Amino acid sequence: MEAKTGTRIEKKGLAQMLKGGVIMDVVNAEQARIAEDAGACAVMALERVPADIRANGGVARMSDPDMILKIMDAVTIPVMAKCRIGHFVEAQILEAIGVDYIDESEVLTPADEEHHILKHNLKCRSCADAATSAKPCGASAKARR
Amino acid sequence: MKIGVLALQGDFAEHISMLKKIGVETAEVRLPEHLNGLDGLIIPGGESTTIGKLAAAYNLMEPACASSDGPHAIWGTCAGAIFLSNDIGRDQPLLGLMNIRVRRNAFGRQIDSFETDLEIDELFKATGTEHPYHAVFIRAPIIESVGGNAKVLSALEDGRIVAAQEGHLLATSFHPELTNDTRFHEYFISLAS
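Read top to bottom, the protein sequences are chains A and B.
Residue numbers for the first sequence follow my numbering, beginning at 682 and rising by one.
Residue numbers for the second sequence follow my numbering, beginning at 28 and rising by one.
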């Protein structure tokens with residue numbers, strides 16, 4: 682039998698592995714290592730606190746892929762990253778660089794007021810449907826299912 | 028027959044529901060005293076670094092290894108297999124009970140996670156079945172080599188080892204608890220009894 686990747690059981694399974702663990706927000710490789718050493722089960726790669734960016738009138742986007750890659754190199758635990766709601770190209774970039782888990786997040790500036798990303802096209806886990814996972818996003822993510 | 032599942036982090040609930048499906052009494056293990064009177068212990072999938080640190084913090088390392096009043100048989104799935112091994116080439120808390128060398132995240136990241144069918148003769152013999160075992164690998168480790176009395180239970184077509192057994196100790200790179208196939212849990216029960 683050919684090995685199958687990106688299946689529903691694979692995506693759901695990763696969320697099941699994170700249960701009961703702490704997912705730390707980190708902004709660079711050094712913080713990611715500290716989080717891993719402290720026992721975090723995953724890290725969320727963020728550039729700045731999105732709420733601060735938006736409060737200053739800016740557009741909170743996906744984090745710099747270069748920064749995310751450095752964090753991925755620094756730790757052995759899963760690395761998550763956020764993309765804007767409805768911004769499927771950001772999600773494709775995150776998928777292409779190999780993040781383990783994409784959070785289509787309401788804390789970033791929404792790119793589409795009407796629609797979410799069609800997550801089934803993505804091979805990695807998308808957080809917006811993760812009702813059972815130890816996810817870092819808020820209650821609204823669950824409501825979006 | 029009572030099987031404990033290390034319930035510090037990871038998919039312990041999925042193991043417990045598999046055990047209930049085959050009618051086995053279960054217990055969640057979070058403290059050393061929870062190990063008393065167990066016939067077997069399952070270490071679930073999760074993050075091995077997290078599970079290791081929590082196990083050390085809750086003084087579970089020594090009692091889990093004690094053969095006198097501790098569990099008779101131990102099975103580690105994925106992170107649990109890493110935790111059971113005695114060599115992973117990096118510094119993190121390990122039980123070190125099994126003579127296997129394990130490499131973490133050996134297939135790559137989550138986009139490389141996969142499902143495939145395995146031929147596991149020992150399992151087929153023990154359960155009187157013939158159909159392939161459908162295995163789910165998630166950011167999985169591989170068993171690079173087995174030493175001592177450890178033997179290979181199953182390998183991929185390219186020879187990479189994904190399941191090993193050493194006496195009453197069992198290690199699998201994949202996650203039987205995420206399937207509906209109870210054969211691996213039945214096999215473990217046969218080791219624990």
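Since the hints were derived computationally from the structure, they do not count as laboratory data.
Please note that a few of the clues may not be correct.
[Said to hold, decoys possible] Capping the alpha-carbon separation at 27 Å, the derived lysine-lysine pairs in DSSO-like fashion look like this:
(1) B:K80 with B:K152
(2) B:K80 with B:K48
(3) B:K29 with B:K178
(4) A:K693 with B:K152
(5) A:K693 with B:K47
(6) B:K48 with B:K29
(7) A:K685 with B:K29
(8) A:K700 with B:K152
(9) A:K751 with B:K80
(10) A:K751 with A:K700
(11) A:K700 with B:K178
(12) A:K804 with B:K48
(13) A:K751 with A:K693
(14) A:K700 with A:K685
(15) A:K693 with A:K804
(16) A:K693 with B:K80
Source: prediction; values computed, not measured.
Status of each hint after checking the structure:
Among the hinted pairs, K80 of chain B with K152 of chain B is inconsistent with the structure: their alpha-carbon atoms are about 37 Å apart, more than 27 Å. Among the hinted pairs, K80 of chain B with K48 of chain B is inconsistent with the structure: their alpha-carbon atoms are about 31 Å apart, more than 27 Å. As the CA atoms of K29 of chain B and K178 of chain B are separated by approximately 26 Å, the hinted pair is consistent with the 27 Å bound. A C-alpha spacing of about 31 Å is found between K693 of chain A and K152 of chain B, which places the hinted pair above 27 Å, so the restraint is violated.
Between the alpha carbons of K693 of chain A and K47 of chain B the distance comes to roughly 21 Å, so the proposed pair stays at or under 27 Å and holds. As the CA atoms of K48 of chain B and K29 of chain B are separated by approximately 14 Å, the hinted pair is consistent with the 27 Å bound. Pair hint K685 of chain A plus K29 of chain B does not hold up; C-alpha atoms about 35 Å apart against a cutoff of 27 Å. Of the pairs offered as hints, the one joining K700 of chain A and K152 of chain B is violated, with about 34 Å between alpha carbons and a cut-off of 27 Å exceeded.
With a CA separation close to 24 Å, the supplied pair K751 of chain A and K80 of chain B stays within the 27 Å bound. Note on K751 of chain A and K700 of chain A: the hinted pairing holds, with a Cα-Cα distance of about 25 Å set against a maximum of 27 Å. Under the criterion of a C-alpha separation no larger than 27 Å, the hint pairing K700 of chain A with K178 of chain B is inconsistent with the structure, at around 31 Å. Our distance criterion of 27 Å between C-alpha atoms is broken by K804 of chain A and K48 of chain B, whose separation comes to about 31 Å.
For the suggested pair K751 of chain A and K693 of chain A, the alpha carbons sit about 26 Å apart, so the restraint of at most 27 Å is met. Distance check on the hinted pair: K700 of chain A and K685 of chain A sit about 24 Å apart at the alpha-carbon level, within 27 Å; holds. For the hint pairing K693 of chain A with K804 of chain A, the CA-to-CA distance comes to about 12 Å; that is within 27 Å, so the pair holds. At most 27 Å may separate the alpha-carbon atoms for a hinted pair to count; K693 of chain A and K80 of chain B meet this at roughly 25 Å.
The structure fails hints 1, 2, 4, 7, 8, 11, 12 (numbered hints given earlier, in ascending order).
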